[in-house]
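S.K.: For reference, the chains in residue letters:
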Amino acid sequence: MSISKKIVDDFVANDVSFITTVPCKQLAGVIDEVEARPEIFHIPSNKEDEGMGLCAGAFMGGKRPAIIMQNTAIGVTINTLATLIQYYRMPLPMLISYRGELREPVACQVEMAVHTKALLNQMNIPTYHFHKESDADELDAILKYTFMCNKPVAILTDASFWGGYGDQ
Amino acid sequence: MIRSEILRDIAPILHDQLVVCNIGLPSQELHMIDDNAKNFYMLGTMGLSSSIGLGLALAQDKTVIAIDGDGSVLTNLGTLPTIANNVADNFILLIIDNGSYGSTGDQPTYAGKKTKLENVAKACGCENVVVCQDVDTGKTLQAAIDSKKMTIIVSKCDSGNIKLPVITMDPVVIRDRFMKAVAS
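Chains A and B, in that order, are what the protein sequence lines are.
Numbering-wise, the first sequence is residues 1 to 168 according to my numbering.
Numbering-wise, the second sequence is residues 169 to 352 according to my numbering.
The following block holds chain A by itself, in its conformation from the complex (with noise of 0.2 Å):
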C-alpha cells in the first residue's frame, strides 16, 4: 500500500471528511488521494489562513476537519491558530510537508524550516516528527489524540518520509 493512502486511510478511519489543501510537491501524492475518496470533501484554498477558516465552519457544522499544507504556512496562520482555533477550542490535524530538511535542493526553503519547531512550540502545539515511513504507524492515534483534546496538532513530514524530493 502506498504512504499516501495509508494515510488518507487514517483519515477516513477516523471519519476527517473535510479537507483543504495548500499544494506542496511533496504532498502531492496524498493531496490526489484526498481529491479521489468519494468520502472526503476535498476544498482546495487559496492560503492557509482562509483554509483554516473553512476548518473552523466545517467543524462546527458536524464535520471533522484537517488542513495540509508546508511548513512555509506556520508564518501565514500564527494569529488564526491563536485566535481562532485555539482560542475557540477546535481539534486541526495539521498534516505538514516539512520542507528545508535533509535532501532539500531549494535552499530558501531551509529559512523557514529553521523557524518551523520554534513556532509551533511556542504556540504549545503538539507536534510529531515523521522521519521514516514506519512513523505514520501513529497517524491513527495522533488523530484520536487531536479530536479527543479539541486542538491544533502538527504532523510534519520531512523529504526522508516521503523517500526524497522528487529526482533529486
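Read the hints as simulated data drawn from the structure, not as lab findings.
You may find that some hints are simply not true.
Among chain A residues calculated to face chain B with C-beta under 7 Å, some are [to be verified]:
#1 I43
#2 Y87
#3 Y88
#4 P126
The structure displayed is predicted, hence computed values, not measured ones.
Beta carbons are placed, not taken as given, at the ideal position from N, Cα and C, and that holds for glycine.
Assemble the complex: chain A is given as a structure, and chain B must be docked to it using the hints.
M.R.: Here is chain B on its own, set in the frame of chain A:
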C-alpha cells in the same frame, strides 16, 4: 444608513438563521441588537468570516449568512474564488460595504475608491452577485434566502460607528452554544 442601522434593520431576518459575524464592531453591534445562540461572533482573525461561513454551509444543510465588511473581504480576497468554485446554495455572503475600515477608525479602503467588490466577485466566478443600497438590504437578503441559491450581496452604505462595549463572552461558550444551535 451606517452599518449598525442596517444590522438593526435586518435583525428580524437574521434571527432565524445561522449567522457568522465579522470581527470587531459588526459582532459587537449584532451582539447588542439581538444576541442569540445562532450568532457566531468572531473575536479575532480579520477576514475569515466568509471562509468560516462557507465551511459551515458546506458541512450541513441550514442556511448560513456570513456578514463581512469590504475591508475584511479585501484582507482575504482569495475567499471569492473558493466560494465561486465550491457552490453551497445554503450560503449567503453579505458584504456591508461602507468603503472604510470601521473598527479601526474609518480609514478608507480600496473598495471605497476604484475597486468594486461586486466586479471582483463576478470575475472570480460567483454567479449570483447582487448590489443594493443600505435601505434595501433586508428585502435583498430575504430574496436571497428564498432563492436557495448561493448569493453574494454587496450592500452600499455610509461609514460611521456607534460606541458600544466589547464582547466579553468566552469564545468557547460562543462556539459551544452555536454548535448546539447548528445541530438542533
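S.K.: Hints broken by the structure, by number, lowest first?
M.R.: 4
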